[in-house]
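One line per chain: the protein sequences are P and D, in this order.
The numbers in the working numbering rise by one with no breaks, and the one at position 169 of the first sequence is 458.
The numbers in the working numbering rise by one with no breaks, and the one at position 2 of the second sequence is 3.
The hints are simulated quantities; they were obtained by calculation from the structure and are not laboratory data.
None of these values were measured; they are calculated from a predicted model.
Please note that a few of the clues may not be correct.
[Said to hold, decoys possible] Residues on chain P that point at chain D, a partial pick, calculated with CB under 10 Å:
no., residue
1, Arg299
2, Arg326
3, Ala341
4, Arg344
[Said to hold, decoys possible] Derived CB-CB ranges, DEER-like:
no., chain 1, residue 1, chain 2, residue 2, range
5, D, Arg75, P, Gly683, 51 to 57 Å
6, P, Gly683, D, Thr101, 45 to 51 Å
7, P, Gly683, D, Arg65, 37 to 43 Å
Where is the CB? At the ideal position from N, CA and C, for every residue including glycine.
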Amino acid sequence: MNRLRAFCIRLFNTLRGAHGDDFADELETHLALDTERGVRNGLSPEEARRQALIRCGGIAQAQDTYAERRGLPWLESFLSDLRYCARSLLRNRTVTVVAILSIGLGLGANTTIFSMVSRFVLRPPPVGDPGTLLSLHILHEGDRCCNQFPWPVYTDVRSQAAVFSGVAAYFDLIPASISGGSEPERVWGQGVTPNFFRVAELPMVMGAGFSDSDSDKPVVVLSERLWRRRFNGDRSIIGSTVILSGHTFTVTGIAPAAFHSIDQIIDAEFWVPLGLTPQLAANLPPRDSRDYHWLSVIGRVRPGVTRNEVAAQLSTIAARLAASYPATDKGNHFVFEQAGSLPPFVRRMTLLFLSALSIVVLLLLAIAGFNVANLLFAQAINRQREMAVRLALGATRGRLLRLLLMESLLLGLAGGAMGALLSLWSTAALSSLRMPAPIPLDLRVDIDGRTLAYTFLLSVLCGLFLGLAPAWAASRPGIANALKGETGFAAPGRRLSARNLLVVAQIAMALILLSVNGLFLRSLQSASRIDIGFDTRGVFLLSVDPRLNGYSPAKISAFLAQLRERAAALPGVQMAVCTDVAPLSGGNRSDTFSVSGHSGKGDPSSPADLYMVTPGYFDALGMPRLEGRDFSHETATGPRVAVVNKVFADRLFGSANPIGQRVDGGGSTYQIVGVVGNVKSRTIGEDTRAVLYRSLDQSIANDPSMMGYTLIVRTRGNPSGIADALRREVHRLDPAMAVYNLETMDEHVRAAYVLPRVAAMLFGVFGGIGLVLATVGLYGVMNFAVARRTREIGIRMALGAQPAAVLRIVLRRGMALTLAAMALGWPAAWMLAKIASSFLYGIAPHDAATFTLVPILLALVALVAVWIPARRAASINPTQALRME
Amino acid sequence: MGEKPDVWQGTLALMVLRTLETMGPQHGYGLARRIEQTSGDRLELNYGTLYPTLLKLEQEGCIRSQWGSSENNRRAKFYELTKSGQRRLRKATQQWEQATEILARFLGDTGKA
């Protein structure tokens, strides 16, 4: 306690400086009293004072020991070093600002990308003890990846796997319309086993959540976000009821806002017991079937059980199940990973994308670092004299190094602070992007502690690296020369090679960066040329899901027909048609189709995306009708007909005429009545898929859409003005109907471009920064070289060298550096392009244009950067140059 | 000078506290003189080390200081024991007594052997 008090006082004294120090007075009194005693004892005043001084050990010494105790000496010297560094940084303000900006840009880019890595790869879900919560999957022999669980398999694992203290299952995504209060809204939730929150160890914010007896009761847990948004955080909600899609549920708990879903991608806002899920989600698979894989499963590992033990027990269970149910379970294995890892089907792609970006931003940081190192190098040479003076005055080399290192660390940390600020802005921009998916995703990225720690670490590393150059310069002795104002670096040749190396590295990395950047820009260019197969102009979209309001299939058909009729009657509307999901929505229903009666091995079959449409759909979207007819007046119970696209027809029938043929798929048989042109079905970048269009009225009953139904309206002129009129018509038909996804087709398609656009934007921005930094670096080095060689050039010119010859010398030198850099960078870029190729749309990774244009562009930019100093060299006036110094 | 023992490490603080307890408020020079006198002039005190010790005790809250006038009307800084200083003195005294007692037994034993 006393020690702490003393420490605080000393800390305070250190920070306050030397004010209010009265020790000099006290010491003076002491000496006076001691002298008086001496005089009393018969000494002369002079002798008395001399002895008094001896007894106190000297004024200066006494004051020193006193001062040491007064403050914290180590902190004082640290602070004075810090003050010195700040002063020296401020003195070279331009260099400092450029350095902090460069490092800041580099670190900002790295922080942004790492915040994505942290969010999607490193962050555990906000459940209790995430390390012991596993996600389980079924892997069928020979499959690349994994499958979900049938209900009976889940119950088998739950009862047999003793390695788990609890196993819970959930159904990923249920749409529901929530009404009461303001306008009805469509929300998404999950169906869970009642033990779900207990297994996840997710305590409720309020209420008790589910109990074991709740498996078939109409109860619901709301997310804190939904509760605050829709119920204004009303605390009396526990025990009261809410209406979900027309069914009454009692609220038993509020789940924490941070929890979106176990996989951290799907954005669920309510949870109902799995037993109640059929009320909300159509055509769920039968519970007792071991065929339908529809449940996600998590397991809480018992304390002390290792992953190997889990794996061993799960494989025992898999073997047992395979023996008991050979028809369904043979060849199935269980695999697991820590819960909250990226879903297996997107993991590879995401990791590749993030690692490519990480490489790019690290390159960028390296370029920035080399650039600043070069600057500091130049500065260090100019400061050699200062260093020599300090050494001559008795500073130890260690202390000089400490000062220089502290200076560069300050630069690094300032850059890190700037980078963190930049990334706050960039992550906000990234989070505001809308993804082309019909389901709610939580893809927000923000700066967390892990990211800040990473940025701090990188800043320190940068600082240390930047300190190397000045430290190296300071470690060259040559005091005598330096004091005379000569530097050991003035002579051209070997000594400058370190700086040249830095520039070569910088340009080589800029080449790599620009090549990758060029590839992405080319990819975007070709993406914008992709023929999506339909006409987006003048088209407006709006979605409803009447099923959530308890509509029967027949009633849905009637509702949509009425809506089409009313929409078509609006002024400016040319056509109004319906589908289930608009094309380019990211995903869709698909089934495997084969020609009727030819479903054996070797017969042609093809997976095909399924769309429900109403008559006029193809005309409304401007899709060419190639053969046969459109839908007309198919009745719900009539023979099923379908229109297929060109790819579908080619795959199943080759050159034969598909019209009138029958195909089987998804449990139904369709007669083909027409063929239409190909469209991009799910994403911009896909290889064209086979598509089968079926009649909406014939499909609603036995295969209702999970995503609701979309009204497509073709208008004359600007379609966005129609939004309010359409919404009014919907509410005139049913005021309780939630309306969502109101957008023009142009907006919808633009969202589909978001991934290539974001990628191109990121790589483009990073490439641009890299190019600027590398150019500035090259310019700086050449400029410096010319300045150092002024005298030499002056002599050459005095001896008769022509300006053109001087120009050539400087140019040759600069371009030699550039060419050396390209010889290094080009092959590296070539190899890196292979990694990047996974994200490129319609373009070969070794795109000839990119790999020829980028080096030429870089060479031109380099030529300019070298030309300016070369011109300066050529215009040197020999007499002036020789008179210098 | 060499024959007079230096003040042992850490004991100066104890001497200062004890002296302040018996004499009441006192300035630095007075304390120094008093300590020398108490030791029967057997201790050689480097006055320069006294002040950092006083500062340390003050920082730790065992003593407090105040400017005042000395006997012959000089401005001097007077030090005074605090409650916390009294506690510290009691504890340190006990510890010293214990330590010297133990040491005395050792030395006594060797004497007998």
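So, going through the hints one by one against the coordinates:
1. Evaluation of the Arg299/P hint against chain D yields a held restraint, the C-beta minimum of about 7 Å falling below 10 Å.
2. At about 8 Å, the closest approach between the beta carbon of Arg326/P and any beta carbon in chain D falls short of 10 Å, and the interface hint on this residue holds.
3. A least Cβ separation of about 8 Å between Ala341/P and chain D falls short of the 10 Å threshold, and the interface hint therefore holds.
4. Interface restraint check: Arg344/P against chain D, minimum CB-CB distance 5 Å, threshold 10 Å, status holds.
5. Distance hint for Arg75/D and Gly683/P: a CB-CB separation of about 40 Å, inconsistent with the stated range 51 to 57 Å.
6. At roughly 47 Å, the beta carbons of Gly683/P and Thr101/D sit within the given window of 45 to 51 Å.
7. Judged by the Cβ atoms, the range 37 to 43 Å given for Gly683/P and Arg65/D holds: they are separated by roughly 41 Å.
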